[in-house]
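> Go by the hints and put chain E onto chain S.
In case you want the letters, here they are:
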Amino acid sequence: MKGALTLCLLLLCATLAALMLGPVQLSPALLWQGLRTGEGPGALVLGTIRGPRVVTALGAGAVLGLSGALFQALFRNPLAAPDIMGFTAGAGLTIIAAIALGLTLPPPLLAAGGGLAAALLVALLSQRRGQATPPLTMILVGLGIGFIASALSSFLLTLLPHPQAAEAQRWLTGSLAARDWTHVAQVWLIGALLAALALAQMRRLAALELGEDLAAGLGLRVGRARIALAGTAVLLAAAGVAVAGPVPFIALMSGPLGARITGARRLRGQMLSAAGTGALVLVVADLAARAALPGIQLPAGVMTGLLGAPYLLWRLSREMEKGEL
Amino acid sequence: MLRLLGLFTLLALALALALSVGARPVTPAVALEALRAYDPTNPAHVTLMAIRLPRLAAGLIAGGALGLAGTVMQVMTRNPLADPGLLGVNAGAAFALLIGATALGTSDATSVALLTFPGAALASALVFTLGGGLRGDVGPVRLTLAGAALNALLLSLVTAIVLIRQDTLDMFRFWVAGSLTQAASRPLMEMALIAAAGGILALAIAPQIEALSLGSALSRSLGTKPRRVQAAALAVVTLCTGAAVAVAGPIAFLGLMVPPLARRVAGHALRRELLASALLGAALLLFADTLGRVVMPPAEVRAGIMTALIGGPIFLWVARRLRPGATA
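Going down the list, the protein sequences come from chains S and E. Sequence positions in the first sequence follow my numbering and run 5 to 329. Sequence positions in the second sequence follow my numbering and run 337 to 664.
Isolated chain E, as found in the complex:
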C-alpha cells in the first residue's frame, strides 16, 4: 500500500515537472491560476493550456498503455525482452497510421488514428506466431529476432512511402521515434477511452494469464482455456499499443523497462503489477519527455529517443542474464 502511494507521488512529481519545465517556465501558482481563470492574452496561460496540458494527457495515455502492454506481453510470453516497440507491434500500428494518412489525407485525424488497431493486431499476431506462440513455446531470441525482422520490413516500406510522398515527411519524423509534440492534434479523449478499455480487460483476465504462465498443462487442469486467454491478451496488447501509437507514435523500450520495476513495487500479483505498470509507465514517459525538453535547448530530444537511450542499456542487462535455449 505504502509502495503504491510512493508510485502516486512519483507520478504527481512527473506531472508537475511536465507542466512547469520547458522553454517557458510556468510556476505552480500560474498553473493554478490558468486552470481557474483562463486568460487567453497571457502567454503563460496559453502555453499551459494549448501545449503542455495536451502533451501531459498524451504522455499519461501512451505511457500508461505501453506499461500495461509490456507487462501483459512479458507475462504471456515469459520473456523479459518483450516490448511492443521491440517486437514490431508499435511499427505495425504506426505503419497502418501512415498508410491511412497517405490514402485518406490527414484531415480526419480520428478515423485515421483508428487504423492503428488493425495494424497493431496484425503485427502482434504475426510476431507471436513467428516466435513459436502457437506451440506454446516462445523463445526469447526467436521472438526478439522476429520482432527485429518485422520492424526492418515495415521500416523499409515506410521509407519507400515517405520518399514517394514528400508531404508525409513530417509524419515520418513522428513515426521513427515517437514524440509527444503533436499531442494537441491527436484524438486524446477517444484514445484514452480505448486504452482504459484495454486496461480493464487486462485486469479482468489477469488471473487466467497468471494460470497460463504456470505452463499450459497445469493451467488446463485449473480450467483455463489457453487459446481464449491468448486471444484476450493479444486484444489487450492491441488496444493499448494502438492507443499509444495514435497519440504518441511508436515509443520503444518503455514496455521493456516498466514490468520489472512494477514487479519490484507490486510483488508477484498480476493485478497489482498491472496497476503499478500503468502508473510507472505514465510517470517514466513524462519524465523522458520533460528531460528531452531541457537537455539541449532550444532543440528538443523526442521522448522516443530518450526512452531508447534509457532502455537500451536495460535491454543489454536483461539479455546478458538470459540463458539462451531456456524458454523463460
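Here chain S stands alone, though its shape is the one from the complex:
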C-alpha cells in the first residue's frame, strides 16, 4: 500500500514537472490557471504542445511496461520483453514500410500486424520438434528477428527523401515530439481495452506460473492460455509503438523496477506497478531528453537507451551470479 502510494506520488510529480518545464516555463500558478480555466498562456502550451505530449507518454509508457511484465511472467524470465525479442522492431518496421510505400493505414493497425507477425515468426522458428521450447532459445531467436527487422527498417530509410528520412529516423529511435490529442485518444482507448483484457487473464497467468503440468491439472488449457496472454502482450506493445515508436528498454525495465518500488507480491499488483513505472520512466526520459541540452530536442528513445542498456548489462551479471544463464 505504501509502495503504491510512492509510485503514484512519483508519477504525479513527474507529470507536473513535465508539464511545467520546457522552452516556456510555466509556474505552478500559471499551470493551475491553465488547467482550471482553460485560459491564459498556460492553456495554450498545455492544450496544444505539452499536454498531448505528456499524456501520450504516460499512456505509451504504461502499455509498454504492462506488456513487458506480462511477457516476463509468462516466460518466467526477466530478459523476456517485447523490445528484446524483436516484437517492437517488427511493429516499427511495418510503420516505416507503410511510409516508404505511401500506404495510409492507421498506425495502430500496422503496428499490431507487424508485432504479431514478428511474434508468430519467433514462436515458429524457436520450436523444436517434440520438445518444449526453452525460453532462452526463444529470446535468442527473438534477438535475431529484431536484427533483421532493424536492418530492413534502415534499408527502407535509405529509400525515403531527406526530410522524411530524418523524421522517420527520429521516430524509429522512439520520440514523443509533435503528438496531438488524437494520439492521446488512440493510446489510451486501445490501451485501456487491452489492459482490461490482460487483467482479466490474471488467474490463467497465475496458474501458468505454477508450471505447465500443474496448470493443466487445474483444468487450464495451457496452449490456448499462453497464446491469449502472449497475443495480448504483443498488442499492448504495438499500441505503444504506434504512438511513440519502438522506444527501447521501457518494457524490459518496468516490471522489475515497479516491483521494487511498490513491493507488490501478487500478479495483479505487479502488472499495475509495471504499467505505472513504464509511464513514469517514459515521462521522465522524455523530459530529460528535452531538457538535457538547451535548444536541442533529443528523442526520448535516446534517454531510455542510455538508461536501459546499463540496466540490461547489470541484469545479465545478476543472472550470471545466480547461474541461470
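In case anyone wonders, no lab produced these hints; they're calculated from the structure. Nothing here was measured: the structure is a model prediction, and the numbers come from that model. Any given hint could turn out to be false.
[To be verified] Over the 10 Å line for every Cβ pair with chain E, so calculated as not near, a few chain S residues:
#: 1; residue: Leu16
#: 2; residue: Leu20
#: 3; residue: Pro45
#: 4; residue: Thr52
#: 5; residue: Leu156
#: 6; residue: Leu193
#: 7; residue: Ala220
[What the hints assert, rightly or not] To give a feel for the contact side, a few chain E residues facing chain S, derived at Cβ under 7 Å:
#: 8; residue: Val477
#: 9; residue: Leu481
#: 10; residue: Ala485
#: 11; residue: Ala496
#: 12; residue: Ile497
#: 13; residue: Pro562
#: 14; residue: Ala644
[What the hints assert, rightly or not] To be clear about the criterion: a stretch of chain E counts as covered by chain S if any three or more of its residues have a C-beta under 8 Å from a C-beta of chain S, and this derived list gives those stretches:
#: 15; stretch: 487-495
#: 16; stretch: 645-654
C-beta atoms are modelled at their ideal positions from N, C-alpha and C, and glycine is treated no differently.
Same frame as chain S, now just chain E:
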C-alpha cells in the same frame, strides 16, 4: 588444396564482378586498358580508377579482416553466434571514430581513423568480461545479450551526438549500416597494413588458441598460458575490426557467416581455417556490395544492410540449433 583453389576462384569472380558491374558497366577489356594506359578523359577509366578500385580495396580489407575477427572470436568463446558486429565491437570502433570526427574535425582522416582501435579494444574487452570471459565460461545467450546491450547503449550516444551536430549526419549514415561507398576517402593503405598485422598475429597464435579451446585445464597442462592467449586474441580482434570499421563502417553478420563456411572448406585446422575465412570474408563482402548496387537501381543498398539481410536468417538457424545452458 583443391578447395583452397576453389576459394581463390570465388574471390577472383567477386573481384571481376565488383569491378565491372554497376551504373556504368565496365568490360574486362576496358579494365585492362585502364590499368595499362590510364586516360583521364575516358569516363569508364575514371569510374574504374577513382571509384571501383578503392571500393574493391576497401571490400578486400574489411571483408578479410572481419572474416578473421569472426573466426578468432568464435573459436575463443566457443560460441557460434560471436561476430564483431553483433557483440558491439564494431559499434565501439565506430563510436570512437565518430567522437574523433566530431572533436577533431574530419580534415585529418588518418588520425581520426586510428581512433577505431582503442574503441574496438575497449568494446571487445568489455563484452568479453560481461559475457563471463574472466571465469572461462562464456555462455552464448549471455554474450549475445551483452553485445546487444552494448550496441544499444552506443547507438543511443551516437544518435544524441548526431542530433546535436547536424554536420555529422553523413557520418551517421555511414555509421549505422556500413558501406563501401566512401572508400576513396579512407586511409586504405594504412588499414591494409594493420589488418595484415592482425592476420599474421592470428596465424602465429593459432596453435595456442586451439589448445585453449580444448578447455582451460587441458590447455594449461599442454603449457598454454590462457590469459596471454586471450590477450593476444583480443588484440587480433581489435586490429582486424578497427581496420574494417575505419574503411567500411560497422558491417555486421559477416563475421558470423564466414567461420562455419571456412570450416567446411578448410577442416578443423585453425591456420587453414583463418586463411579460408579471410578469403571468404573478402569475397562475400564484395558480392554483397555488388549485389547492393544492382538490386534496385538507381538507389544503392549499402553493403552492411545486404550482409544483415543474408546473415540474419543464418543467425536464426544457428540460434535454433544451440542448446541454451550449454556453454559451447
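> So, for every hint listed, does it hold in this structure?
Verification of the supplied hints:
{"no.": "1", "hint": "Leu16", "verdict": "28 Å, holds"}
{"no.": "2", "hint": "Leu20", "verdict": "26 Å, holds"}
{"no.": "3", "hint": "Pro45", "verdict": "28 Å, holds"}
{"no.": "4", "hint": "Thr52", "verdict": "23 Å, holds"}
{"no.": "5", "hint": "Leu156", "verdict": "7 Å, violated"}
{"no.": "6", "hint": "Leu193", "verdict": "31 Å, holds"}
{"no.": "7", "hint": "Ala220", "verdict": "24 Å, holds"}
{"no.": "8", "hint": "Val477", "verdict": "5 Å, holds"}
{"no.": "9", "hint": "Leu481", "verdict": "6 Å, holds"}
{"no.": "10", "hint": "Ala485", "verdict": "4 Å, holds"}
{"no.": "11", "hint": "Ala496", "verdict": "5 Å, holds"}
{"no.": "12", "hint": "Ile497", "verdict": "10 Å, violated"}
{"no.": "13", "hint": "Pro562", "verdict": "20 Å, violated"}
{"no.": "14", "hint": "Ala644", "verdict": "3 Å, holds"}
{"no.": "15", "hint": "487-495", "verdict": "holds (count 6)"}
{"no.": "16", "hint": "645-654", "verdict": "holds (count 5)"}
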